[in-house]
Amino acid sequence: MPESLLRAVGIHKSFAGVHALKGVDLTIMPGEIHCLAGENGCGKSTLIKIISGVYQPDAGVLEFNGKSLQKITPIDAILLGIQVIYQDFSVFPNLTVMENLALNSELSEKHKLVSWKRMRSIAQDAVTRINFDIDLDSIVGTLSVAQKQMVAISRALMFNARLIIMDEPTTALTRREVDALFRVILQLKAQGISILFVSHKLNEVFEISERFTIFRNGELVRTGQTSELDSAKFTYYMTGREFSEQKFIPGEIGKEPLLEVRNLTMRGAFEDVSFALRAGEIVGVTGLLDSGRSELALALFGIRKADSGAILVKGKGAAIRSPRDAVRHKIGLVPEDRLTEGLFLPQSIADNLIIAEIDRLAGRAGVFDREKRAREIERLVKEFAIATPDPQNAGQTLSGGNQQRVVLAKWLACNLDVLVLNGPTVGVDIGSKHDIHGILRDLARQGMGILIISDDLPEVIENCSRVLVLKAGKIVTEMDADHADEQRILAHMM
Amino acid sequence: MNKGLKKLTKRNEPYIFLVVLALALLIQFRSGQFFTGNNLVDIASAMVVPGLFAVGTFMVILSGGIDVSFPALASLTSYATTKMLLDAGYTGGIWLPILISLSLGAALGAFNGYFIGFLGLPALIVTLGTSSVFKGVMQGALNSVQLATIPPGMQAFGTSSLFVASNPLSGLTSRMPVAFLVFASVLLVSFLILRYTFLGRGIYAIGGNEVSAHRAGFNTRRTKFLLYVFVGMMASLAGLIRTCMMQQNHPTNMLGMEMNIIAGVVLGGTAITGGTGSLTGCMLGTLLIVIVENSMILIGIPTIWKSVFVGALIIIGTGVSAWQVFRANRVAKVRFFRKEVPTI
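Just so you know, the sequences run in chain order A and B.
Each residue of the first sequence is one higher than the one before, counting from 1 in the working numbering.
Each residue of the second sequence is one higher than the one before, counting from 1001 in the working numbering.
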């Protein structure tokens, strides 16, 4: 067996009494693409921080390149050749690509004075290594997410990196950008660099990694060759639960459409979009990141205005010019980015739950009825199984899946007819994802019309009774769930 | 449009320059007095103190912070310096007063810097607090009153001039103070720090993303601390120069200047959220405020309307910036739909 690049054995770490890592092991070979998976809170971020020197382990052995690592700092880790590409890429949006690339190495060499010429040559070398074609003088804030990521990768490579840790690198990328990223990862592998790829997206794990390690609740569940893995096992190792994948079978579908869209057009986003949504139906809208799907969601909820076309609610024309209008017509939106658009993170879970129905909680003379509020919060927390010791805690204390339940619960408290969900399970772990799908199916059976806008194809195929495919702003096809499969949808999307 | 020109239209400086030019032409047209030697020298001379304040404020805002304590800091240090030297019967040159002011300024700046840099407290709250403390120390502990005379060395510095410009029409003359050289050197030093040292690039980096700056290896706490020390020194220098130029020390008449200075810096295109801006823009913005403050009288606008004018200018100026951001976003959207994918 060849010598390993990184070997972690029996790593323990506790924070204020919470045992985050309970003796986990991880071995990475030189030039290997290794996937680390697990649900939120399973300890994978903690382990990354230990490897990169941010935290010190309480117990355990850590070896890199045959040498034992003890009490290392982040700078030590970088000098050893360990680089972490964080989800936010740690770039400076206000500076040029050149400065972003050169600053780290200039600082690590302890230069006090700036030589713009030297910085340019460092930056030029960095981008050439992965054939990244970019204007070094452009401001990073104006780049796309994928380009920012390439800046971060080029920067990481400058320190003779031996191991690059990528923390959920594909979260905000389009399919094409993911392909481009994977090509770069394979190039790095060819140069003998090991990649630790942190992800909980099943298809990506299968596509790119050779070996995998799965954590659950701070313990190592399984490690091995990816070729031995299949999706059922993967899900089981991650969650400890078995899910039967069943397609959604709708209950009774209403005759008249709850929501009808006719020739809706928003210049630069989508055009001539028409469809109808009936009670009890779950309709999926899918397309690439730039297909206009998100704009469609925003137009249905009155955040952005369509240029022409009509929205009909229960057969009558509805002027939806603001979210308030949408709510009055009993339409709710679960937005794409729940952290900034769907929740008040620093405020309490309780307040987040009742915000949409706050008008109804007023007692006499418009004064807030505290008892009614308390009863409502108790009901919602119980009904949606929101895992929190105290609803007065801030929204940001919840995991992704629980946060999304709060967003859902908030709308369902308002007795809506139509719920539009944009990327309902982005960044949500498998267990919660399954639960959220279950909630949506129940709601549809109770007579709600649900529109799921998503590029997660298995999600769309499993849960929707019909699928609309958007491409460059136009609906290119409509399929029944029975006839939809990933290959067919992809063929229309691209 | 060629690439360089296109880049220029995205920046704030050309716009603010055009506004300054338009205002100058308007004043010239109405009064015939703007482009005269003495008026230009008057404006340059009036730029010295606000200009020094603006350089410090600019650097603080660039780092994502804010400082509202500099007028109080300048008042306290200039009063303490003048009073101390008067009591000691000091008759020497300007160097000792400058040295004393700079040390006092550095000490008070370090006070701000300690709380903001090392303890990580919000800059606005800290400087609001220290502003009050500085004022209190000056008025309470030092029992400040107006000082009608200042030491002879300071007096001489205040009246010495590089050259004198006269206006043949009105017969008025204006002196270009030596202090203008001090201002020019500070400007040069600040430019060099910001552009050619990693301390300066660190200020930009912290303003852009403090967490990333820390991860990249900048000593963010020390950078912020040094920044406030530097700003304290700039402010105390400005306070001393103002005392010299006015030939007296009035302990309260600088208080309240902070809003116009901050406005000038922001008008010049410095993002209030930090990270972007240039010294050129900052100086143009300050120049605009100075011209409005000094030259409105030339076009027959009564001085009582001055503050309305300054206010309107600030709103319009920020409006232009906001519009530019909006336009930039729109451009980004259009580009987005053309599906530009990085070629790798």
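No lab work stands behind these hints: they were computed from the structure.
In this text, all values refer to a predicted model and were calculated from it rather than measured experimentally.
It cannot be assumed that every hint is accurate.
According to the in silico footprint, chain B covers these stretches of chain A (three or more CB under 8 Å from chain B) [said to hold, decoys possible]:
{"#": "1", "stretch": "89 to 102"}
{"#": "2", "stretch": "393 to 400"}
Covered by chain A, according to a simulated footprint, are these stretches of chain B (three or more residues, beta-carbon under 8 Å) [unchecked claim]:
{"#": "3", "stretch": "1040 to 1054"}
{"#": "4", "stretch": "1207 to 1213"}
Chain B side only, calculated, beta carbon under 10 Å to chain A, not exhaustive [said to hold, decoys possible]:
{"#": "5", "residue": "Gly-1032"}
{"#": "6", "residue": "Ala-1216"}
{"#": "7", "residue": "Phe-1218"}
{"#": "8", "residue": "Ala-1271"}
{"#": "9", "residue": "Gly-1275"}
All C-beta atoms, glycine included, are put in the ideal place defined by N, C-alpha and C.
Verification of the supplied hints:
no.	hint	verdict
1	89 to 102	holds (count 7)
2	393 to 400	violated (count 0)
3	1040 to 1054	violated (count 0)
4	1207 to 1213	holds (count 6)
5	Gly-1032	44 Å, violated
6	Ala-1216	5 Å, holds
7	Phe-1218	7 Å, holds
8	Ala-1271	8 Å, holds
9	Gly-1275	3 Å, holds
When held up to the earlier numbered hints, the structure conflicts with 2, 3, 5 and fits the remainder.
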